[in-house]
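S.K.: Each chain, written out:
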Amino acid sequence: MEPVRVIEGQVSVLDRSDVDTDQIIPKQFLKRVERTGFGEFVFHDWSKEPGWDLPSNPILAAGRNFGCGSSREHAPWALEDYGFRAIVAPSFADIFFNNCTKIGLLPVVLSEADVKELMAAGHARIDLEEQEVSFAGRQVAFEIDPEIARRLLEGLDDIGVTLQQSDAIERYEAQRERSGPVTNTLA
Amino acid sequence: MPKNKNRERAAAAGPRSLFDKIWDAHEVAESLLYIDLHLVHEVTSPQAFESLRLAERPVRRPDRTLATADHNVPTDGSTAAAQIRDRLSRVQVETLEDNCREFGVPIHSIGSARQGIVHVIGPELGVTQPGMTIVCGDSHTSTHGAFGALAFGIGTSEVEHVLATQTLQQRKPRSMRIRYRGELGFGVTAKDLILGTIGRIGVAGGVGHVIEYAGPAIEGLSMEGRMTVCNMTIEAGGRAGMIAPDDTTFEWVEGREAAPDPLPLDEWRTLGTDEGAGFDTEVEIDASRLSPQVTWGTNPGMVTDVTSAVPEPRDEGEERALEYMGLAAGTPMREIALDRVFIGSCTNSRIGDLREAAEVVRGRRVASSVEAMVVPGSQQVKTQAEAEGLDEVFRAAGFDWRSAGCSMCLGMNPDIAAPGERVASTSNRNFEGRQGRGARSHLVSPKMAAAAAIEGHFVDIRGWE
Ligand code: SF4
Chain A
1 MEPVRVIEGQ VSVLDRSDVD TDQIIPKQFL KRVERTGFGE FVFHDWSKEP
51 GWDLPSNPIL AAGRNFGCGS SREHAPWALE DYGFRAIVAP SFADIFFNNC
101 TKIGLLPVVL SEADVKELMA AGHARIDLEE QEVSFAGRQV AFEIDPEIAR
151 RLLEGLDDIG VTLQQSDAIE RYEAQRERSG PVTNTLA
Chain B
188 MPKNKNRERA AAAGPRSLFD KIWDAHEVAE SLLYIDLHLV HEVTSPQAFE
238 SLRLAERPVR RPDRTLATAD HNVPTDGSTA AAQIRDRLSR VQVETLEDNC
288 REFGVPIHSI GSARQGIVHV IGPELGVTQP GMTIVCGDSH TSTHGAFGAL
338 AFGIGTSEVE HVLATQTLQQ RKPRSMRIRY RGELGFGVTA KDLILGTIGR
388 IGVAGGVGHV IEYAGPAIEG LSMEGRMTVC NMTIEAGGRA GMIAPDDTTF
438 EWVEGREAAP DPLPLDEWRT LGTDEGAGFD TEVEIDASRL SPQVTWGTNP
488 GMVTDVTSAV PEPRDEGEER ALEYMGLAAG TPMREIALDR VFIGSCTNSR
538 IGDLREAAEV VRGRRVASSV EAMVVPGSQQ VKTQAEAEGL DEVFRAAGFD
588 WRSAGCSMCL GMNPDIAAPG ERVASTSNRN FEGRQGRGAR SHLVSPKMAA
638 AAAIEGHFVD IRGWE
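Residue numbers (the working numbering), protein chains in the order written: chain A, 1 to 187; chain B, 188 to 652.
Think of the hints as simulated: they come from the structure by calculation, not from any bench.
This list has only true hints and no planted wrong ones.
Covered stretches of chain A, going by a simulated chain B footprint (3 or more residues, C-beta under 8 Å):
| hint | stretch |
| --- | --- |
| 1 | 13-27 |
| 2 | 31-43 |
| 3 | 56-69 |
| 4 | 94-101 |
| 5 | 149-162 |
| 6 | 175-185 |
Just so you know, even glycine gets a beta-carbon here, dropped at the ideal spot from N, CA and C.
Put together the whole structure using the sequences plus the hints.
M.R.: Written out as structure tokens, the structure is:
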């Protein structure tokens, strides 16, 4: 994963709440076995609505509970492939939030009022190290789990990090792992 | 000695919840959780296996991993991936089969007698057990919490992480307990209980929380009903749903293929939440006042009693929803006419669900304006239902009787609704386009769906003859 530090640029606005992952990337595009190429299908059905305007910019600003519904990582893949580097919203669905952080698409939580102002400003600078969003001449601080921030800032590979704890996993398996069920006895 | 260790920890920590106990027993290190069971399906796994291959990493514990094909499979009775006509679907199922072969992961793919929706076969085979940590690249993994397990959905990067390490990096979520007062009334089911709950707490009401459901209305539910409740936890935004295991649970698990023999009941009986354990959030709901529920909008929180009417929209989102649904505020729910009825999905496709629906349709005919289908959740459910003659009941009434899979729950296979068609569905999501582009979904219980199929519109099952 590429390190994430500063994301700056125009803001695309999607002022709707409870946007679900079925809208972000509809099911007919989940049949691919690759990780790339989902960007052209992002918001496939909504983009056919008259007046739809969601240009490819570094920052997407959206309403509360963004990314609810299915666990499909195809949703963050599509948003990232389309060009977004950060998403700012008053709240996110849990699995979607996790998925974003795994691929270096930065989810930022700001208050509802701040998100509205950022939408109006149309341009912003997000500094992950300082945990600060600048727009319309203001600086607004945001919270993020320090461990998630560290991994994003350093561009760490999660599996690599966990494998450094292989000893602890082996110890767990030797001493505390529960017995059964064993899935391969069913075959 | 693991047992003593747990006891020491329990003594030190004071009263603990079911969630706390499972969490403590699985923490390898801070925020690193050991995973007892990893379920895998064809849609969210190909990229994970591909990355493992590129990094030359093996699957750490194939014996704690189980795969099936469900989202893409046609329900026409095809018995091999090669028979799937849609090329991309075929490739996805074949890719899963190839990956499982290469990495040594046990799989029950299309054609297997054990194939089915991943959240139906886990419990059915007995691999889902009390006290476990269970993950799957699928948000409805919360279903398995019905057994007193900690079970949640993950994304593809996390699927890869679990395949490689058998652990998950996870901060401990907050906890919520929803306690129901009173019992469910006649004709009111687990589906109505959870839909009514989501209507109350909202589609983001559970975000960041693991939710334990408790109270007499929960204890009185069958395992099928409990799975329905936990299944839809994600529809309230919850990380996982759980119910304390009891005799109903143990009886259900006993004798299943992968179940331990004898069951470790001494251990399992200690899993339930201790008296006095704390929760970050507590919610109380009067179950006795719930009516059969029907959704009217484009998320599961947009729901109301079958006896009431489509509500006035309160914001732009609800206005959009009504427009998409083609509904006017004030229309009685019982006057909404239907084009299709779908009985299936990981929420309501188990044998108990099919029995309830069959009771309603027995000796009756599906309205001529309605196309109705039943899709059993697994091949085992299908076989069982056929042994009981339920397929004949449904067929005689004019239902289409299909093979197991996700089917019209999300329409990745050929089972989809046409634009503008209105569907009464026992599934879990009424999102725009979920069951087909432009299709309008109303979520209901199996009984309510069955009665709606007969009448051609919604009816209150409680007063219906
Ligand atoms: S039945 Fe529907 S909700 Fe359940 S796993 Fe399949 S697609 Fe997902």
